[in-house]
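J.: Each chain is listed here by its residues.
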Amino acid sequence: MKRKKSKWTPLQIIAHIGAWIPLVVGLWDLWQGNLGPDIIREATLRTGKTALILLLLSLACTPINFLFKFRPALKLRRPLGLYSFMYASIHFAIFIGVDYFFDFGLIQDALLEKRYAIVGFTTGLILLSMAITSTIGWQRRLKKNWKRLHRLAYVAGILAVVHYIWLVKQGVSEPWIYAGIVVVLLSLRIKPIKNWVASLFRSRSSQTA
Amino acid sequence: MKKIKSSEITPEDIYLSRRDFLKSLGIVSASAAVLAACGPAATSATSQVSAAEAEPIDSVTPAAMADTDELGDPLNSFEDITNYNNYYEFTTDKQRVAKLSEGYKTSPWEVQVGGLVNNPKTFSLDDLRNFETEERIYRMRCVEAWSMVIPWKGFPLSKLLAEVEPKSEAKYVRFETIYDPEGMPGFKKNPWYQWPYIEGLSVDEAMHDLTLMATGLYGKDLLPQNGAPVRLVVPWKYGFKSIKSIVKIDLVTEQPTSLWMAAAPNEYGFYANVNPNVNHPRWSQASERRIGELGRRGSIMFNGYEDEVAHLYDGMDLSVNY
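Residue numbers (numbering that gives the first Met the number 0), protein chains in the order written: chain L, 0 to 208; chain R, 0 to 321.
Worth flagging that the hints you see were computed from the coordinates, not collected in a lab. Keep in mind it's a predicted model, so treat the numbers as computed, not measured. For every residue, glycine included, the Cβ atom is placed at its ideal position computed from N, Cα and C. Do not take every clue at face value.
Here are the simulated distance ranges between beta carbons [what the hints assert, rightly or not]:
{"id": "1", "chain 1": "R", "residue 1": "R128", "chain 2": "L", "residue 2": "I16", "range": "53 to 63 Å"}
{"id": "2", "chain 1": "L", "residue 1": "W27", "chain 2": "R", "residue 2": "A261", "range": "35 to 45 Å"}
{"id": "3", "chain 1": "R", "residue 1": "P190", "chain 2": "L", "residue 2": "W195", "range": "49 to 59 Å"}
{"id": "4", "chain 1": "R", "residue 1": "E305", "chain 2": "L", "residue 2": "L141", "range": "19 to 29 Å"}
{"id": "5", "chain 1": "L", "residue 1": "V167", "chain 2": "R", "residue 2": "S318", "range": "49 to 59 Å"}
{"id": "6", "chain 1": "R", "residue 1": "A261", "chain 2": "L", "residue 2": "Y153", "range": "33 to 43 Å"}
{"id": "7", "chain 1": "L", "residue 1": "T132", "chain 2": "R", "residue 2": "G314", "range": "28 to 38 Å"}
{"id": "8", "chain 1": "R", "residue 1": "M300", "chain 2": "L", "residue 2": "G136", "range": "14 to 24 Å"}
{"id": "9", "chain 1": "R", "residue 1": "E133", "chain 2": "L", "residue 2": "V167", "range": "31 to 41 Å"}
{"id": "10", "chain 1": "R", "residue 1": "T252", "chain 2": "L", "residue 2": "V196", "range": "31 to 41 Å"}
{"id": "11", "chain 1": "L", "residue 1": "Y153", "chain 2": "R", "residue 2": "P190", "range": "29 to 39 Å"}
{"id": "12", "chain 1": "R", "residue 1": "E78", "chain 2": "L", "residue 2": "W27", "range": "15 to 25 Å"}
{"id": "13", "chain 1": "R", "residue 1": "A263", "chain 2": "L", "residue 2": "I95", "range": "38 to 48 Å"}
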């Protein structure tokens with residue numbers, strides 16, 4: 000049997016290992032009883048936040064490529080998006096199976112009447128649709144529509160932050176930091192802003208050269 | 000059905016005596032090792048053991064008189080109660096309040112009681128200690144939909160109010176938490192709130208026997224994270240009404256605007272009675288997570304104190320007066 004030469008770049012290996020760390024640390028903390036008095040809330044928050052961060056990292060790959068001419072970043076979009084979906088799934092599973100303990104009366108009340116839940120659920124559906132169609136086969140099958148479908152990642156980024164903001168009391172600042180990051184990442188995709196920022200970077204690098 | 004971690008339902012007295020037991024085991028085995036290693040040192044090893052035995056056990060044994068509330072639900076552990084706190088003057092992170100408030104000085108302390116009263120008075124810690132305390136096991140239901148069962152130590156607010164003699168024009172009681180931006184890091188980190196923390200009750204609510212001025216829990220003095228040295232506990236209302244570390248109480252004619260009413264008037268009202276039928280605009284209040292349990296339990300009207308307090312709100316539309 001011939002062994003194919005591994006096509007994995009060091010960056011990809013770092014991304015894959017890094018994406019598993021929150022889960023390993025989380026399970027370790029659960030085992031050690033380090034999740035605090037409200038274990039369910041802590042586990043829900045951690046998995047949700049990890050899903051959000053991975054989604055934002057995935058959204059950061061494209062701007063990193065055109066600002067820094069760093070092509071390897073593009074290869075991380077898919078794995079980071081898939082890991083985001085993985086954490087979002089755990090997050091949702093905890094909500095349904097542990098927090099609400101399959102009490103569908105209460106789940107219905109929460110899912111249908113509460114806007115934070117609707118928004119979170121929608122984000123999950125977007126991630127699910129992108130996860131399913133993340134293969135090369137689906138990419139070929141959907142042709143032009145694949146790109147359209149996967150632009151929903153922008154919507155997912157916005158909704159994920161809104162979901163977070165709607166859950167906290169007024170004045171809790173952390174979700175707004177993520178909101179700021181989303182605004183930056185999405186504005187970098189608007190042509191005039193993109194060109195302006197790119198020119199800033201170019202002039203700086205030509206000065207140093 | 001519901002799995003509860005045994006550590007979370009162990010009443011603190013058993014939990015602590017277990018610890019004492021283990022601790023003494025450690026000392027005993029250490030002494031045994033000393034004994035085995037060098038015979039002549041036996042006297043010092045023995046004295047070590049007796050010193051451990053002489054430790055007054057009463058000082059750590061909490062005085063909760065029962066293991067459950069009147070509905071049969073177990074008390075939350077001292078550990079949980081003192082490590083999961085909403086106290087934004089320190090931090091918005093519930094699990095870091097204990098650490099950040101460690102060693103916060105709550106003595107000396109004064110509570111100024113005035114406004115529309117015949118006999119305004121400033122209560123020192125000693126004055127507060129003169130009130131006869133009793134243990135009250137209350138459910139605490141946070142507006143964020145989690146809850147605990149806590150054995151408070153304290154005295155009814157009505158006893159304190161009786162000393163200052165409210166005038167008949169007084170309709171409301173306004174409470175104020177200490178304002179200490181130097182000593183509490185949360186003020187600077189959360190400058191958008193209208194500090195100090197303010198809460199209020201109607202005079203009827205304040206005079207109700209369930210309304211407690213708490214000075215301790217599990218038989219011990221309050222720790223800073225729980226609102227030392229004196230806080231309010233109004234068990235039929237959402238937790239944010241139970242204002243911590245009180246420095247000022249005024250009898251007034253106008254309904255006080257609490258910090259949360261000012262921050263989000265559409266979400267937090269003056270009454271804030273626990274009510275599973277009136278949802279928070281952004282989340283359901285129909286259920287709650289009891290700390291230490293998996294799954295959820297249905298929330299109960301007035302947090303289970305309906306028989307005692309429902310009459311205070313006769314004829315009031317509770318979905319308007321939330």
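J.: Now tell me, hint by hint, if it's right for this structure.
T.: Results of checking the hints against the structure:
| no. | hint | in the structure |
| --- | --- | --- |
| 1 | R:R128 / L:I16: 53 to 63 Å | holds, 58 Å |
| 2 | L:W27 / R:A261: 35 to 45 Å | holds, 42 Å |
| 3 | R:P190 / L:W195: 49 to 59 Å | violated, 33 Å |
| 4 | R:E305 / L:L141: 19 to 29 Å | violated, 58 Å |
| 5 | L:V167 / R:S318: 49 to 59 Å | violated, 24 Å |
| 6 | R:A261 / L:Y153: 33 to 43 Å | holds, 36 Å |
| 7 | L:T132 / R:G314: 28 to 38 Å | violated, 58 Å |
| 8 | R:M300 / L:G136: 14 to 24 Å | violated, 56 Å |
| 9 | R:E133 / L:V167: 31 to 41 Å | holds, 37 Å |
| 10 | R:T252 / L:V196: 31 to 41 Å | violated, 59 Å |
| 11 | L:Y153 / R:P190: 29 to 39 Å | holds, 33 Å |
| 12 | R:E78 / L:W27: 15 to 25 Å | holds, 20 Å |
| 13 | R:A263 / L:I95: 38 to 48 Å | violated, 28 Å |
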